[in-house]
Amino acid sequence: MRYLRGFLVVLFFWYALALLVSGPIIPYPHVVFAHLLASMIEAKNHLHLLFSFYRILMGTVVALLFAIPSGLAIGRVKRLDRVLSPTLYLLYPLPKIAFLPVFMVLFGIGDLSKIILIAVIIFFPATLTIRDGVKQIPFQYLELAQAYHLTSRQVLTDIIWPSILPRIFSSLRITVGISLSVLFVSETYASTYGLGYTIMNNWVMANYVGMYGGIVLLSLLGLLLYIVIDKVEQLVIPAQAK
Amino acid sequence: MLTICDAQVCYGAHTAFSHFSLHAKRGEMISIVGKSGCGKTSLLYAIAGLLSLSQGSITIEGGSTNCSLMFQQDRLLPWKKVVENVMLGLGPESREYAQLLLGLVGLGHRRNSYPSQLSGGERQRVALARSLVRKPGLLLLDEPFASLDEQTRERLQEEIKAYVKTHGITLLVVTHSIKEAVFMGERIIVMTKQGLSYETANPYHEYEDIRSNVGAFSLEKELRFQLGGSR
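Line by line, the protein sequences are chains A and B. Counting along the first sequence from 1, when you hit position 52 you're at 33 in the working numbering, and nothing is skipped either side. Counting along the second sequence from 1, when you hit position 77 you're at 194 in the working numbering, and nothing is skipped either side.
One or more of the hints may lead you astray.
[Unchecked claim] Quick partial rundown of chain B residues pointing at chain A, CB under 8 Å, derived from the structure: (1) 122; (2) 165; (3) 182; (4) 186; (5) 190; (6) 194; (7) 195; (8) 206; (9) 231; (10) 233; (11) 234.
[Said to hold, decoys possible] In silico lysine-lysine, BS3-like type, Cα no more than 30 Å apart, as pairs: (12) 223(A) - 197(B); (13) 198(B) - 152(B); (14) 25(A) - 212(A); (15) 212(A) - 198(B); (16) 223(A) - 198(B); (17) 310(B) - 116(A); (18) 198(B) - 116(A); (19) 252(B) - 197(B); (20) 197(B) - 212(A); (21) 197(B) - 59(A).
No lab work stands behind these hints, which were simulated from the structure alone. Cβ atoms here follow ideal geometry from the backbone N, Cα and C, with glycine treated the same way.
All chains, full assembly: derive it from the sequences and hints.
Here it is, written out as structure tokens:
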């Protein structure tokens, strides 16, 4: 229901703009949706979606695989924090997309370089959020762990991990937007599948209806990812457990 | 069971307490009273191994794992169900005993609830069950009932006392309430920053002495004050 309301707002502004401009560069929404529905059958839209989804998913998984242990270690060990936090601050603002040629040379022009580019970009905000989550664990819980003689493994599984889990989900929500825009850029080179490719291909061929169709699919993919993140979070962390 | 010799705890340049000595026999119930800031909580933390002594020694029969501390706040983990909170740090084999203890504190039916669904009194009971599930020889209570209403507080005091007595557990209660100290302890110790200032094994008869040593109003004065206030 709330998604529908958001959709109607977007639709309203889209129509207003299309009326205002009234040229092929901003086609009417119903034309785009009709084209999208028609092309669903013969065009490879589902394949484009699937490839994009796969790249984002893999990029996120790879990023978290590195960000979780790094964030944990930096949050827990003061000496690491002193050395690595400034390093992260230094590297975080670098435009990673500018290093695209490097990624392409190192990891080829296939899926791997796209996935790693997304992973590298997500890694920084995710690590910092997790680090802050670890630092903000109430000391009362750590005292409790000490008083009840928890092993360091139990401290990790019973106290630290559940404390940072909500942080991981919020970092995912923050990075979905970033990863979608990076995905778009990464799919504009050496691709035959992916939403970035469809959008750019249609653009080059001045097929603006098709281009907007790709943009709509990209935004639907984002929405889908947000819904998935919310649902998984509700499943993993019940509301009463907060 | 517990021997403390000339113990001192410092936070940097600040001394929490010093020159504190105490010997507790097995099954003894001791209350420690004192004004806020006299180092009562620091003493319990030092016994539980959360603070290190800057001087003196603390020996617990059976080692530090034989003692269990119940904090002032319940400190239940919000992401764990009640029974899992009780089992904190223990394996699945402790589940049965954890459920038994929850039944004992009247919360058997709430074992699968989350702490956020419990009242303050219920949460404190869970914390009590958590401190008992390890079958400690020495139980340390740090003003465990300060946040509770009077009826709940009195019932919990009764329950703990009965449990501790039947299981032969040595009890050390720290409180600023003289009434609570007299009710819970067979022996009362008045603590100051410079160590033990007064001790009695006959709390009911020396109630007035305890009060004056803590620095409270005389009982007569307080009663008059209370009556005056209620009018």
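Honestly, which of those hints from before does the structure not fit? Hints 1, 13, 17 are the ones this structure does not satisfy, whereas the remaining hints hold.
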